[in-house]
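Going down the list, the sequences are from chains V, W, U and A.
Under full-length UniProt numbering, the first residue of the first sequence carries the number 1, and numbering increases by one thereafter.
Under full-length UniProt numbering, the first residue of the second sequence carries the number 1, and numbering increases by one thereafter.
Under full-length UniProt numbering, the first residue of the third sequence carries the number 1, and numbering increases by one thereafter.
Under full-length UniProt numbering, the first residue of the fourth sequence carries the number 1, and numbering increases by one thereafter.
Hint data in this document are derived by calculation from the structure and do not stem from the laboratory.
Just to be clear, a hint being listed does not mean it is correct.
[Unchecked claim] In silico DSS-like pairs for lysine-lysine, Cα to Cα no more than 25 angstroms straight-line:
| no. | chain 1 | residue 1 | chain 2 | residue 2 |
| --- | --- | --- | --- | --- |
| 1 | W | Lys272 | U | Lys415 |
| 2 | A | Lys370 | W | Lys14 |
| 3 | U | Lys33 | V | Lys14 |
| 4 | A | Lys370 | U | Lys415 |
| 5 | W | Lys32 | A | Lys370 |
| 6 | U | Lys32 | V | Lys14 |
| 7 | W | Lys2 | A | Lys370 |
There are 4 protein chains.
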Amino acid sequence: MKINTDHISALNKKQEDSYSSELDFLRNKFSKKGITLDEIVQKVADFQVAIPSWALGAGGTRFGRFSYGGEPASLEQKLDDIGVLHALTKSAGAVSLHIPWDIPGDVKAIKDVAKDHGITFDAMNSNTFQDQPDAKETYKFGSLSSADEAAREYAIQHNKDVINIGKELGSKSLTVWLADGANFPGQNNFQTALINTEKSLKSIYETMPEDWKMFIEYKPYEPNFYSTVIQDWGTSFMLANACGERAYTLVDLGHHLPNTNIEQIVATLMLKGKLGGFHFNDSKYGDDDVTVGSIKPYALFLIFNELVYGMENNPQNPDFSWMIDASHNTKDPLEDLIQSLEAILIAYTQALLVDQKALRNAQQENDVVKCQEILQDAYRSDVRPILKAAREKSGAAVNPLQAYRNFEVRKQLIKERGTKTLATGL
Amino acid sequence: MKINTDHISALNKKQEDSYSSELDFLRNKFSKKGITLDEIVQKVADFQVAIPSWALGAGGTRFGRFSYGGEPASLEQKLDDIGVLHALTKSAGAVSLHIPWDIPGDVKAIKDVAKDHGITFDAMNSNTFQDQPDAKETYKFGSLSSADEAAREYAIQHNKDVINIGKELGSKSLTVWLADGANFPGQNNFQTALINTEKSLKSIYETMPEDWKMFIEYKPYEPNFYSTVIQDWGTSFMLANACGERAYTLVDLGHHLPNTNIEQIVATLMLKGKLGGFHFNDSKYGDDDVTVGSIKPYALFLIFNELVYGMENNPQNPDFSWMIDASHNTKDPLEDLIQSLEAILIAYTQALLVDQKALRNAQQENDVVKCQEILQDAYRSDVRPILKAAREKSGAAVNPLQAYRNFEVRKQLIKERGTKTLATGL
Amino acid sequence: MKINTDHISALNKKQEDSYSSELDFLRNKFSKKGITLDEIVQKVADFQVAIPSWALGAGGTRFGRFSYGGEPASLEQKLDDIGVLHALTKSAGAVSLHIPWDIPGDVKAIKDVAKDHGITFDAMNSNTFQDQPDAKETYKFGSLSSADEAAREYAIQHNKDVINIGKELGSKSLTVWLADGANFPGQNNFQTALINTEKSLKSIYETMPEDWKMFIEYKPYEPNFYSTVIQDWGTSFMLANACGERAYTLVDLGHHLPNTNIEQIVATLMLKGKLGGFHFNDSKYGDDDVTVGSIKPYALFLIFNELVYGMENNPQNPDFSWMIDASHNTKDPLEDLIQSLEAILIAYTQALLVDQKALRNAQQENDVVKCQEILQDAYRSDVRPILKAAREKSGAAVNPLQAYRNFEVRKQLIKERGTKTLATGL
Amino acid sequence: MKINTDHISALNKKQEDSYSSELDFLRNKFSKKGITLDEIVQKVADFQVAIPSWALGAGGTRFGRFSYGGEPASLEQKLDDIGVLHALTKSAGAVSLHIPWDIPGDVKAIKDVAKDHGITFDAMNSNTFQDQPDAKETYKFGSLSSADEAAREYAIQHNKDVINIGKELGSKSLTVWLADGANFPGQNNFQTALINTEKSLKSIYETMPEDWKMFIEYKPYEPNFYSTVIQDWGTSFMLANACGERAYTLVDLGHHLPNTNIEQIVATLMLKGKLGGFHFNDSKYGDDDVTVGSIKPYALFLIFNELVYGMENNPQNPDFSWMIDASHNTKDPLEDLIQSLEAILIAYTQALLVDQKALRNAQQENDVVKCQEILQDAYRSDVRPILKAAREKSGAAVNPLQAYRNFEVRKQLIKERGTKTLATGL
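Work the whole structure out from these sequences, hints included.
Dropping the structure here:
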């Protein structure tokens with residue numbers, strides 16, 4: 001299915017919900033601080049987040065999975081779903097593919113579908129945490145870090161294959177999430193595993209085209225429950241430095257120990273020019289992968305505060321690859337993504353409203369109370385009118401969730417695809 | 001397959017590993033403290049832990065599963081596997097069944113198989129966290145706590161069915177693990193969910209035979225990631241009190257927030273006569289379900305210290321249902337269970353060696369240093385000779401893991417069952 | 001010093017900051033949902049939080065303390081400081097005293113000072129976690145739970161003395177925070193400590209006047225680092241039930257293990273009619289005691305959402321004793337308290353804006369997405385205009401922090417009291 | 001006071017506690033694995049841990065402090081206390097001083113006292129987390145990272161002064177624990193703070209003598225509760241690399257977020273040749289600073305397993321500075337230190353007993369079960385006979401704690417120094 005843009009404008013026009021007076025209020029308030037609202041509206045309109053191909057189906061836990069009707073059964077259908085999202089929000093204009101789940105049969109056809117939806121190909125994702133039915137080597141005891149050379153080579157080759165597929169599609173980066181680790185003390189030798197990983201990553205890095213980047217994810221635990229080879233940003237950063245200039249650390253919000261100060265990690269990496277990618281989700285306990293902003297919206301704002309600061313002040317750091325990486329266990333995946341996009345844009349907008357000059361002065365004067373006031377003033381503002389203005393400007397639905405329900409998208413998808421489909425992937 | 005007891009005694013005889021001098025050393029050392037080693041050997045020989053039927057196959061995570069050869073494909077085969085375990089250790093003489101995975105086709109036949117292996121039927125486990133293919137109601141949004149009366153009734157009936165199956169087999173208890181909860185703030189009304197749960201549990205409780213017990217598990221998160229209806233021991237305890245005298249709290253070691261003092265919970269529940277069941281496993285991060293004693297053996301000892309204390313001093317508390325509840329993602333499940341049994345018996349034995357009288361005196365005198373010394377003296381002792389003596393006494397293999405490998409059990413199972421079997425269950 | 005109310009109204013008039021158009025916007029928006037803004041303004045104006053007497057001086061850590069100028073050196077001066085707070089905010093109309101730090105010399109004089117500031121006497125706090133210079137018994141190894149009867153009796157008597165002082169002043173409740181516990185495994189017997197604590201609390205409870213309440217705090221760790229006698233709400237709840245109808249659990253936001261779902265605890269306690277008191281602060285790691293709402297404002301909102309629900313639906317639960325219990329290590333204590341009050345009122349107001357009827361419907365329909373939308377719609381609203389209206393209505397400063405700085409209160413206090421004063425207390 | 005070595009040998013002789021048969025058992029058992037026990041006895045006898053000068057008095061929490069009789073009131077008395085420890089254990093032959101608490105009046109006299117006790121001067125510790133009475137600048141808002149240049153220079157100069165004092169005494173290293181950070185979001189600029197810190201550390205590094213090392217500690221929180229400038233090993237490692245070859249990371253066991261895999265950090269740092277120092281203590285919740293090995297002895301063993309591996313296989317890493325950094329809130333500080341030394345030596349010995357060759361093979365074969373068996377076999381051994389043999393060999397008391405009590409050391413110290421002394425320091 002495809003959303004008709006006329007329907008969106010019609011719906012936008014019908015909006016009883018007028019936000020212009022609110023927008024004026026915000027414009028006045030922040031203009032006094034030297035912040036031009038129209039520039040912010042434009043920035044918000046420009047902001048794009050990639051959708052991973054595996055996020056269009058229902059997620060599950062190790063205790064099982066409750067399926068959802070109308071799930072996409074092919075890469076084309078996944079792109080169609082992102083097309084719906086992008087039409088409604090104009091901020092989901094990219095897809096992040098996962099190999100082997102998304103190997104395109106007909107590359108040209110897939111590129112056409114994507115182009116038709118206005119979707120570009122963001123980072124490619126390799127998979128060395130599962131054995132495919134026809135696999136010649138097993139990843140049960142590790143892949144890029146494995147003590148077994150054959151398994152390592154097999155995993156390296158897989159990553160190279162992923163790069164090749166990505167090259168054909170027009171992607172420019174590879175994300176490596178290494179699930180390798182150990183379930184028990186003694187199971188592997190930490191130093192050997194790290195040395196092997198560095199060698200494997202270098203080998204992959206060397207075959208990347210010159211205009212590609214490599215993103216190295218870190219995660220403290222799961223699916224291994226004693227140790228993971230790349231357990232924290234420090235390890236990822238070290239590996240990225242070892243690989244070369246175009247290797248970067250990727251931060252996934254859920255991949256941290258309890259109480260980690262993530263915004264400080266973000267600031268440090270940008271200072272060093274090594275923050276390459278960003279995976280959005282939210283969590284209360286571990287890598288819960290719930291909707292962005294549904295649990296700790298203030299933490300999300302603080303992270304965006306550092307991101308915005310870095311984008312302004314750290315030319316040494318490249319543009320980011322942004323992606324939503326959540327799991328939709330009990331919600332309609334598309335609705336969940338709409339809520340995630342909303343939360344991301346709200347946090348981004350609030351961060352753009354921070355009075356950086358006043359903040360710098362208050363920091364210099366050690367006026368702790370005022371520093372807090374400045375951040376909270378931006379955060380406590382209701383910025384939804386800015387999002388609406390940005391969306392109206394870019395031809396998106398002013399209220400995407402409302403539009404999604406109004407257009408009965410899920411009903412339509414179920415009609416087209418049935419209730420028992422199962423998205424490829426997890 | 002079945003282990004020949006002659007082979008075990010033959011192997012025991014061949015043991016170069018003589019432990020008698022070590023045992024004498026321990027006997028002398030502890031007799032000075034008024035602790036009779038032979039009594040402890042007997043207690044260790046008597047100790048029995050139930051094996052859950054789902055623990056005989058390889059486990060997995062939400063990221064997939066690496067299967068293991070020779071997994072049991074039927075309830076009979078599961079009982080056979082426990083039979084192997086019990087023959088080797090003489091401490092795994094019970095099984096805990098899970099419905100609907102283990103519905104017996106021929107009750108009498110199953111009872112005969114169990115009897116033949118010397119296995120009794122411990123607590124029955126219901127499953128309201130997954131929808132079965134033919135389910136008339138869904139548990140996607142809850143079962144015993146559901147806002148939907150039909151789903152509640154369906155879940156209540158399922159638990160009653162489980163009791164009926166258990167009655168036929170000779171089980172005397174029902175374990176309720178309620179996965180109900182919410183992934184997002186606002187998703188359910190905490191009070192309504194709790195009220196519904198209490199009502200549902202009471203309804204199940206009332207149909208239990210008079211010689212049955214009900215065990216109510218608690219867990220702070222997973223598979224729900226914002227809240228669970230029975231999030232902690234306080235909630236379980238409240239519900240058990242509401243149900244009646246034969247309802248108890250069940251403690252699963254992995255079901256706690258980081259840093260929880262579990263041994264204190266154990267002590268409190270025993271004081272109140274409400275600790276009914278115990279699920280053993282270990283974890284570093286969450287409900288990791290790794291081999292018992294593989295991560296925090298001292299914590300396990302401290303818990304056993306309270307259990308032993310309670311067994312001596314709390315007649316108000318009933319005998320426990322002990323069970324291993326671990327997941328074997330990268331190990332041979334049977335080897336993993338042997339390692340878990342070993343860790344449990346070590347901790348139990350060490351706890352039995354605590355000089356309770358001296359400890360009481362040191363506590364009364366606030367001699368904190370001495371209190372610590374007393375516990376550590378027991379813990380630092382190498383108690384493996386006691387386990388060996390207990391096993392020899394009861395006809396088990398002195399070194400069960402060695403015997404398991406010696407007898408090439410897994411090779412045998414693969415020969416019998418093939419490499420591609422998949423245990424029913426998770 | 002005392003704030004002149006004329007100065008406040010003068011300042012309010014001068015406010016360029018006009019909030020009436022914003023208020024109208026909110027009025028319109030929420031009236032469509034059947035929520036009357038004026039009622040909410042009134043509720044916010046009525047809301048009162050107690051200030052503990054120890055919160056007027058600079059706090060510290062075990063690594064030392066950086067003092068602040070103009071700290072109050074006597075109970076009178078502490079009341080004066082709260083008087084300033086209350087004049088500026090009209091929401092700090094109560095004090096919570098700590099004995100022995102605040103033993104009044106002249107009871108009548110103290111009551112007059114309080115009355116003059118419009119301050120009432122909220123819960124009394126006892127202290128059995130420190131030895132006073134003239135102490136006859138030590139609390140080093142516990143107080144109400146001590147293995148030593150003399151120490152127990154001494155601590156019981158102290159609590160009775162606190163009640164007597166409170167009776168003279170007009171307080172109606174006693175808060176017991178029991179720091180008792182152990183630094184090492186084995187140090188105390190969990191069951192004995194719990195039995196002793198129950199006995200001690202009952203003895204104190206029995207001497208309370210009939211119109212008094214007892215609040216029993218819980219805390220998992222600190223100042224003891226292995227265990228605390230009242231480690232969680234379950235233990236507190238059990239003790240409160242044992243004491244009697246007028247004994248309640250008190251929730252301090254910082255007294256929980258990482259990731260605890262506090263709002264669910266709140267809901268459970270209110271359902272059972274046992275939530276008596278509430279201590280506000282915020283934290284990222286442990287009992288950090290930082291400014292309310294400075295780290296996890298959404299969690300604060302979710303807690304208030306349950307509190308508001310309970311106030312509407314749980315007649316079985318009494319009115320709360322609200323108190324701010326934070327530590328001001330690097331901020332002016334009065335400014336910190338103003339920021340805490342602001343955060344509390346914002347969360348309370350947002351909770352009042354939740355469309356409860358729509359939420360109930362969405363919950364009943366398992367519309368998880370909508371449930372989240374309803375909570376987030378309230379939370380994302382900028383409710384500061386409502387706070388301003390409420391303050392203007394009650395004669396407080398529209399912008400209390402701005403007024404505090406405008407009136408140069410701290411400068412004044414330093415002039416009066418000097419820079420080297422040290423508040424009694426921690 | 002000073003322990004008479006004759007008394008120690010007399011006591012050793014009287015020992016009923018004969019450990020030789022146990023030792024023989026261990027010798028036989030491990031010789032089969034190619035491990036020579038006498039070499040291990042020698043290594044254990046050689047192992048030395050520094051005692052920090054502040055650890056001889058009672059510790060406290062922010063809620064107060066219970067003092068202990070006979071605490072040392074001067075640097076000489078602190079050295080005397082370590083002298084007692086060293087005489088009893090022969091493994092505490094070094095002191096780590098803290099400036100300004102331990103500025104020596106007469107350097108030569110102090111060196112003589114130390115020499116007399118057989119104590120060398122390990123790492124010097126600077127203090128920029130407290131303001132001294134005569135301080136010209138405040139560290140309230142930071143020291144080496146401060147936004148205020150004058151505060152930074154003041155802190156740099158203090159560190160240089162500490163180096164100069166250390167040079168006179170014969171120390172060869174400086175430990176920098178930077179308490180700098182923020183209590184609230186926005187309070188400081190992460191990037192500026194990090195840049196300032198790097199500059200300050202470089203300036204200190206450059207004035208260090210060529211045979212000195214610098215140890216950079218990290219800590220996630222406390223005394224700042226939102227962020228710390230050097231929050232993790234990654235940040236410390238980055239700063240050490242920026243400073244130069246002789247700058248290293250220092251690991252304090254208590255300075256980690258919940259569930260951190262510390263042993264992996266240790267392995268990584270040694271691989272990179274950057275692990276310089278080690279602070280021992282134990283904890284259940286945060287930086288609890290309780291007795292080493294009293295909470296998580298298996299984790300301590302796993303860490304030592306990596307340390308021993310690194311000492312054998314990582315020539316790129318220097319010898320360590322080992323130190324006990326615990327707080328003694330409810331125990332006699334000297335007894336607490338004896339217990340900590342015991343736990344350290346036990347873990348070290350167990351790690352020395354790991355069959356490294358068999359482990360390597362099992363890892364190469366992915367025999368996860370066997371890997372675990374190998375580690376657990378070493379850990380479950382009762383190695384106390386080895387400690388006794390090592391102590392007897394080096395002239396220490398076979399049972400140091402027993403000897404300490406036998407000699408009534410504390411009684412003696414109280415007689416000499418009184419009950420109301422207060423150790424300088426925290």
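Hint by hint, here is what the structure shows:
{"no.": "1", "hint": "Lys272(W) with Lys415(U)", "result": "59 angstroms, violated"}
{"no.": "2", "hint": "Lys370(A) with Lys14(W)", "result": "21 angstroms, holds"}
{"no.": "3", "hint": "Lys33(U) with Lys14(V)", "result": "20 angstroms, holds"}
{"no.": "4", "hint": "Lys370(A) with Lys415(U)", "result": "73 angstroms, violated"}
{"no.": "5", "hint": "Lys32(W) with Lys370(A)", "result": "36 angstroms, violated"}
{"no.": "6", "hint": "Lys32(U) with Lys14(V)", "result": "17 angstroms, holds"}
{"no.": "7", "hint": "Lys2(W) with Lys370(A)", "result": "24 angstroms, holds"}
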